[in-house]
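Visitor: Dock chains B and C against chain A, hints included.
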Amino acid sequence: MTELFYSGALVAVIATLLVIVQTNVVHALIYLVLSLLAVAVVFFSLGAPFVAILEAIVYAGAIMVLFLFVVMMLNLGQRSRDQEKEWLPARTWFVPSVLALLLLIQLVASIPTAGLNIEEIGARAVSELLFGPYVLAVELASFLLLAGLVSAYHIAKR
Amino acid sequence: MSDPIVRPHSKSWLAKFGELVKDTLTSQVVTLWRVFRHLFVATDTVQYPEQQPHMFSRWRGRIILTRDPDGEERCVACNLCAVACPVDCIALQKTEDEEGRWYPEFFRINFSRCIMCGFCEEACPTNAIQLTPDFEMAEYKRQDMVWEKADLLIAGTGKYHETNFYRVAGKSIGGKDKGEARNELPPVDVRSLLP
Amino acid sequence: MQWEVGSALNIASILVVVIVFAAMLIWVERRLLGFWQDRLGPNRVGPFGLLQVVADMIKIFTKEDWIPPFADRFGFVLAPTIIMIVILLSFSVVPFAPGVGIVDSNIGVLFVLAMASLGAYSVMLGGLSSDNKYALLGSLRAAAQMVSYEVFMGISLLGVVALTGSFDLREIVLAQEGGWFVVPQFIGFVIFLIAGVAESHRLPFDIPEAEQEICAGYHTEYSGMKFGMFFVGEYLGLVLISSLITVLFFGGWQGPLLPPLAWFFIKASCFIAFFILLRAAIPRPRYDQLMSYGWLFLLPLSLLNLLITGVVILSAN
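Residue numbers (the numbering used here), protein chains in the order written: chain A, -4 to 153; chain B, 1462 to 1656; chain C, 180 to 496.
The hints are simulated quantities; they were obtained by calculation from the structure and are not laboratory data. Heads up, some of the hints might be wrong.
[Claimed, not checked] Derived CB-CB ranges, DEER-like:
#: 1; chain 1: A; residue 1: Val16; chain 2: C; residue 2: Trp245; range: 48 to 54 Å
#: 2; chain 1: C; residue 1: Val199; chain 2: B; residue 2: Arg1498; range: 30 to 36 Å
#: 3; chain 1: C; residue 1: Gly357; chain 2: A; residue 2: Leu99; range: 54 to 60 Å
[As the list claims (entries may be wrong)] Straight-line distance between alpha carbons at most 30 Å, and here's what the computed DSSO-like set of lysine-lysine pairs gives:
#: 4; chain 1: A; residue 1: Lys80; chain 2: C; residue 2: Lys312
#: 5; chain 1: B; residue 1: Lys1602; chain 2: C; residue 2: Lys312
#: 6; chain 1: C; residue 1: Lys242; chain 2: A; residue 2: Lys152
Glycine is no exception: its CB is placed at the ideal position from the N, C-alpha and C atoms.
For reference, chain A alone in the conformation it holds in the complex:
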C-alpha cells in the first residue's frame, strides 16, 4: 500500500504542476483529471475506497466534464495560448516556486517514516457515520443542494 501511496502522490504532484504550466486549456484540464484520479488512488491506499471512488465519480467524472463542456463553448485558439504564455514569465513563478519547494522539502523531511497502521473504512462505515452522528450536517447539505436544484430548475424554466 505504501508504494501505491507514493506513486499516486507523485503522479498527483507532477500532474498538478503540469496543470499550472500548460498553456492549452484542454491539456491542463486533462492533467487536472489525472491529478484528481491520482488523489483517488491516494485515498484508496489510505484505506478509504468509498471516498476514493466518490472522488473519481464526482470530481473527475462529473465536475471536470462540466469544465470541459464550458471550455468547448469558449472557442479558445492559438491567441489564448499565446496570452497564457505571456502571463507566465519566469519572474512571476520563480520566487513562489522556490518558496513552495522549501515547504515541500520540509514536508518530505517531516513525513513519519514509521509504518502507518491503515484500517479500511468501507462504504458501510462511512454511511453509518454520516447518518448517525452527522445526520444534521448531511440534511443541511442536502437542503442546500435541493435549494440549488429548485432554483436552477426555475431559472431554466423562464
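Guide: Same frame as chain A, but now just chains B and C:
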C-alpha cells in the same frame, strides 16, 4: 413528447405525464414487437451469383445492334442515338454500300460511360439499337468496356421482330426500286396527265 | 493454475473472450439487423459470414491512420484509448460465474459508475481535439447526455444496492438466489436499461454521432484503428451494459441445469439482442426531448423508486 418551450397555458402536468407514458410505453413497445416479428418473415434477398434475379424484358441493360427479318443490319447510321445520348458514349460513322443501303462504318459504344438510360433506343427510327436485360458487364481493363460493332451486332431481330426499315421506306436499294415497298404506291409520273 | 477469482489465467481469458465477443458483435448486429429488415446480412465471408469480422479487422488495421494537421494531437490520440481502457477496466468487477472474475471489490457498483463517468472524456476529447464543427457538436451533445444519464443510472442502481446491502456485484448475484431483483426493482431495471443505452450512446440515443444530422459526430475525423477503437469500444460498452443488467437484475450466473457460465452467456446475449432490436426499431429522439425525458421523467421516477424501496426495506425490518 413534451414541447421544449413551456408555455403558461399549456396542458396540465398530469395530461403531459399521461402522454409521455403513452408515447414511451404503448407506441415504442408495439414498435419493438412489430419489428421483432420480422425475424420470422422470409427474407427478400436474392442470393445473386448462385440465384439469378428475375429480369424483366424492359430492363435497360447491355446495348445491342439488331438485324431486320431479312438478316441485314437495321442501323442506317442516322446518328440520332449519338445525338440523344446524354453522356456521349456512342460514336459512329455513316457509309453506303453499292446497293445504296446506309450502314455504320464503325459503331462504338463506350460502356464505361453509358448510363443505360435508353434514350438511344427511343431515338432510333429503325429499332436497330436496343437495350437488353443483361447487366453482367464487368471487365478488368477499362479499354475492354469499349464495344465495337462486331461486339454489339447480333444475328437476330432483338425485341421487335417486325421492323424492317428498307421494306417500308421509299428509298430505293438494290433489288427494290421506288414504289416497291410495303403499302407503297408506285411513284407518280409527273410528266403524265392521266389520273 | 486453477479457476479462482483474480488468477492470471482468469484475467487473460476474460480479456480475450470479452474483446473477441465484442468484435463478433459487429457481425451479429449486422446479421440480426438484416433479419429484422427482411434481409440476410453479411453471409459471404466464411460459414454464415462468420469471418466477416476478420475481413473488417484486416481492413481497419491496414487503413491509413490519419491525424488531421489541424487537430490537437495530444487529445486526438488519447481519446480512443480512454474508452477502451475505461470499459475494459469496468469488466474487472463483473462476476461472470463462481470463481470466474477478476476482482471482487466491495465498491464494485461504484467502480463501474466511476468508469462510465470517465468514459465521457473519450467522446468529449475526441470531438474537441478534432477541430471540426460536426465533431464539436457531437461532443457537446455527448457531454450533456452522458453527465445527465449517469445520474439516473446511479440512482436506479441504488434500489438493488439497498436490497442487497452491499456494493459488491458478486454479493448482489448471491442475494438473488431467492428471486431475481427484476421483480421488486422493475422500475429500476427499466431506468437502468434506458440510461445504459444512453450511456453507451447507441441507437436510439446515438445523438452524439447522429449520422443524418452531424456526419458521424465526435469521430468524424477518425480513421483506421483509432476509429476501430471507438467502434469496438461501443460494442464493449454494449457487452458491459448487458452483463451488468444480467448481474444486477437477472441473477447473474444462476439458473438450473446448465453450467453457470452458460447461463450468464445466455442472459447477457438476450440483452445484447434486445439492444440491437432497439436499434432496429426505435427512431432517434430529438436532443431536447432526450434531456427533458431524462430530467423530468426518469429522475423523479428513479427517486420515487428509491424512496419506495427504502420504505419497504425499513418496514420489513
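Visitor: None of the hints should be skipped; say for each whether it holds.
Guide: These are the hints, each one checked on the structure:
no.	hint	result
1	Val16/A - Trp245/C: 48 to 54 Å	30 Å, violated
2	Val199/C - Arg1498/B: 30 to 36 Å	31 Å, holds
3	Gly357/C - Leu99/A: 54 to 60 Å	56 Å, holds
4	Lys80/A - Lys312/C	27 Å, holds
5	Lys1602/B - Lys312/C	41 Å, violated
6	Lys242/C - Lys152/A	49 Å, violated
In this structure, the hints that do not hold are numbers 1, 5 and 6, in rising order.
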